[in-house]
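Using the sequences provided together with the hints, build the complete structure.
Protein chains: 2
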Amino acid sequence: MATNVLPRPVQRLIDEFARLPGIGPKSAARLTFYLLRAADDQAFDLSDALRELKERTRFCSVCFNITEEDPCLVCEDLGRDRTLLCVVEEPLDVVAIERSRAYHGLYHVLHGAISPVEGVGPEDLRIAELVERVQKGNFKEIILATNPTLEGESTALYLQRRLAGLNIRLTRLARGLPVGGDLEYTDEITLGRALEGRQEFKE
Amino acid sequence: MATNVLPRPVQRLIDEFARLPGIGPKSAARLTFYLLRAADDQAFDLSDALRELKERTRFCSVCFNITEEDPCLVCEDLGRDRTLLCVVEEPLDVVAIERSRAYHGLYHVLHGAISPVEGVGPEDLRIAELVERVQKGNFKEIILATNPTLEGESTALYLQRRLAGLNIRLTRLARGLPVGGDLEYTDEITLGRALEGRQEFKE
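Quick mapping for you: the protein sequence lines, in order, are chains B and Y. Under the working numbering, the first residue of the first sequence is numbered 108, with each subsequent residue one higher. Under the working numbering, the first residue of the second sequence is numbered 108, with each subsequent residue one higher.
Hints are computed from structural coordinates only; laboratory data are not their basis. Only true hints are included.
For chains that are exact copies, the list does not tell them apart, and a pair is met inside one copy or across any two.
Derived EDC-like pairs: lysine to aspartate or glutamate, alpha-carbon spacing no greater than 16 angstroms straight-line:
#1 Lys133 x Glu197
#2 Lys247 x Asp188
#3 Lys161 x Asp177
#4 Lys161 x Asp147
#5 Lys133 x Asp122
#6 Lys161 x Glu175
#7 Lys161 x Asp148
#8 Lys161 x Glu176
Everything numeric in this text was worked out from a predicted model, so none of it was measured.
Here is the structure:
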């Protein structure tokens, strides 16, 4: 008796939104009905942006960051220190480090971290490419800038073993109090690391 | 010094996602990077669904529900009781009522509720069209099924005044305990309404 009153294009968009991570069926319906009522251009702009993302971007064949040109702008930039390599998990990590303006070397994006729980092994990441790049390259220091999580630390440890013996300095990012943080609310592990890594006042 | 390392198509999609309600810049970036790594088809399917939503749907010129055909399937369905009209705020309300399988009349979608706070007045809703439709039609009963919220109640009250004098029965949905709910956790207003509206046991 009940008519299926949702037209097929509406149901289709709800289903597609619901496939995205963190968007359940209710949010998917809410987004769809928002777009139904919004100006046509907003839906068309989003539609075009999605198509462009896949048609106009690729991974850099050198550092595996996302790029429109291959090699990417960073790999091609001769003003950068080409003896310094920073290894990160994700393209967004490159964005974060660039934003700090404290780094001017090259990057290597692993596209994940080793995680036995999620079935991610070293062969699923860009690790073979990293080792080859380091062996062929002229790097003096490699910063293992994986996340300060269990997976990130394991990955850094694994990379440290794979890259040992190449006579290149291996470093990692300092652990400590976040700037603007509050000692009282800092978790005990971070506080412990901040104490271990304490530094002299500079005159 | 810092290179803008996000390719333009990536930044563009992040910006478009962030225009959607309830999606902040961080979620927008997360969705974008998820799609970057997902199969091309997922981004293309979502892209096509967005375009189709706008190109293949419209509002029914009779009831203002969303539809592919005008008039919509419900308005065209001769098996429905055409003397019964249910007035709702949103197309999703029609879906909810159809799902209950307890109604077999026609609908009228207002596309919102009167809300002075948000600057929504009667002239922003499909109220003039409703009044005209009721005057010309052959309805015996109109169910004012707006939401049980301040805005919904005000809208129902307004409609009641506009439709009074037409000698048509005006009703609204019963207030009471939600089925499967728990008396202990029911708010006092709902409980008050459930008491006021108490009904005889039927033999």
